[in-house]
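J.: Spelled out, the chains give:
Number of protein chains: 2
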Amino acid sequence: MKRIGFLLLAVATLAGVVAYIARASGQSDGDASPIYGVKIPARYRDWRLISVAHEAGNLNDLRAVLGNDVAIKAYREGKLPFPDGTIIARIAWACVPSEENNKVFGREQSFVAGSATASYLQFMVKDSKKYAATGGWGFAQFDKEGKAADEAALKTCFPCHVPAKDRDYIFTRYAP
Amino acid sequence: MKRIGFLLLAVATLAGVVAYIARASGQSDGDASPIYGVKIPARYRDWRLISVAHEAGNLNDLRAVLGNDVAIKAYREGKLPFPDGTIIARIAWACVPSEENNKVFGREQSFVAGSATASYLQFMVKDSKKYAATGGWGFAQFDKEGKAADEAALKTCFPCHVPAKDRDYIFTRYAP
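Going down the list, the protein sequences come from chains A and S. For what it's worth, my numbering labels the leading residue of the first sequence as 1, then goes sequentially. For what it's worth, my numbering labels the leading residue of the second sequence as 1, then goes sequentially.
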């Protein structure tokens, strides 16, 4: 029994070390998107804000668009195309009315970020060689459990971004 | 003329040095809010995201709430009250429909951040001694030119935040 206990401990420790190395290298230890092989980037939630948006209708979300350092620098310098290494993150939460805020404002006007939506996390990763067939961008989408969206979903990403070709396929503008 | 030129250069250099020191110490070299004396914090636009929101009605804005390192740490650890040194920033942009995005979605549903609103920037600064009379918080509001809102406007801040007393007067919750 002692030997099994030690073995389990060793395996658990090794798994921890592998996970740590994976995170430290900028990759998380979860799902990768089909087609593009993009994983959730480590510490993306610490990235700086590019802009915010609201999709009404069926989506009914509030969203934040964040960028890694390469992305923020390119945005602020108005640099196009985005350099390799750019990663742009889109986080979407349910757009929910805030009873509490409405009371304070005295009007029904306040909407805040609720729980994660079905398409919670999306990433665009710039690698002009690896993703040459899709404008230099790799795409990914994850739900709140970190499960990657399937190949059929991912196939819709690039065609939708083509209308923004003159801004290197990125719709979101930097909010001042 | 040469002497005047040198004097002007010296004054300009000194002004630059003073501005640099002010920024390096975390204070910008602009207006201070009445009552509380809060200036626009240096590099607040680089702070991390707490959450996003949408005020409809007359405000009709999209807003981001950012926090300095002290704020983000407290939020993520669920620490209340917020420690001294916490600064929370609220940036508001006009909520404008995006024709470009609507075309892609094939529906009228997309709203993005437009220009700065009249109440563009708001800050709450925690200093439990200095601002003891207002729950430990100092308040400020600035327009896009960096002009501070007047005393009458600033007097409305704290009373409005009292309903959130059990969350240390802060309405915004951290978005996952």
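Among the hints, erroneous ones may be present.
Identical copies go unnamed one by one, so any copy, or any two together, can satisfy a pair.
Claimed, not checked - Here are the simulated EDC-like pairs of lysine to aspartate or glutamate, each with C-alpha atoms no more than 20 angstroms apart in a straight line:
| id | residue 1 | residue 2 |
| --- | --- | --- |
| 1 | 165 | 69 |
| 2 | 73 | 46 |
| 3 | 130 | 100 |
| 4 | 165 | 99 |
| 5 | 103 | 166 |
| 6 | 147 | 166 |
| 7 | 130 | 77 |
| 8 | 79 | 151 |
| 9 | 103 | 168 |
In case anyone wonders, no lab produced these hints; they're calculated from the structure. Keep in mind it's a predicted model, so treat the numbers as computed, not measured.
J.: Decide, hint by hint, whether the structure agrees.
T.: Now the hints, each set against the structure:
no., hint, result
1, 165 to 69, "neither (22 angstroms within a copy, 36 angstroms between copies)"
2, 73 to 46, "both (15 angstroms within a copy, 11 angstroms between copies)"
3, 130 to 100, "neither (48 angstroms within a copy, 28 angstroms between copies)"
4, 165 to 99, "between (41 angstroms within a copy, 16 angstroms between copies)"
5, 103 to 166, "between (45 angstroms within a copy, 16 angstroms between copies)"
6, 147 to 166, "neither (32 angstroms within a copy, 36 angstroms between copies)"
7, 130 to 77, "neither (25 angstroms within a copy, 39 angstroms between copies)"
8, 79 to 151, "neither (31 angstroms within a copy, 41 angstroms between copies)"
9, 103 to 168, "between (43 angstroms within a copy, 18 angstroms between copies)"
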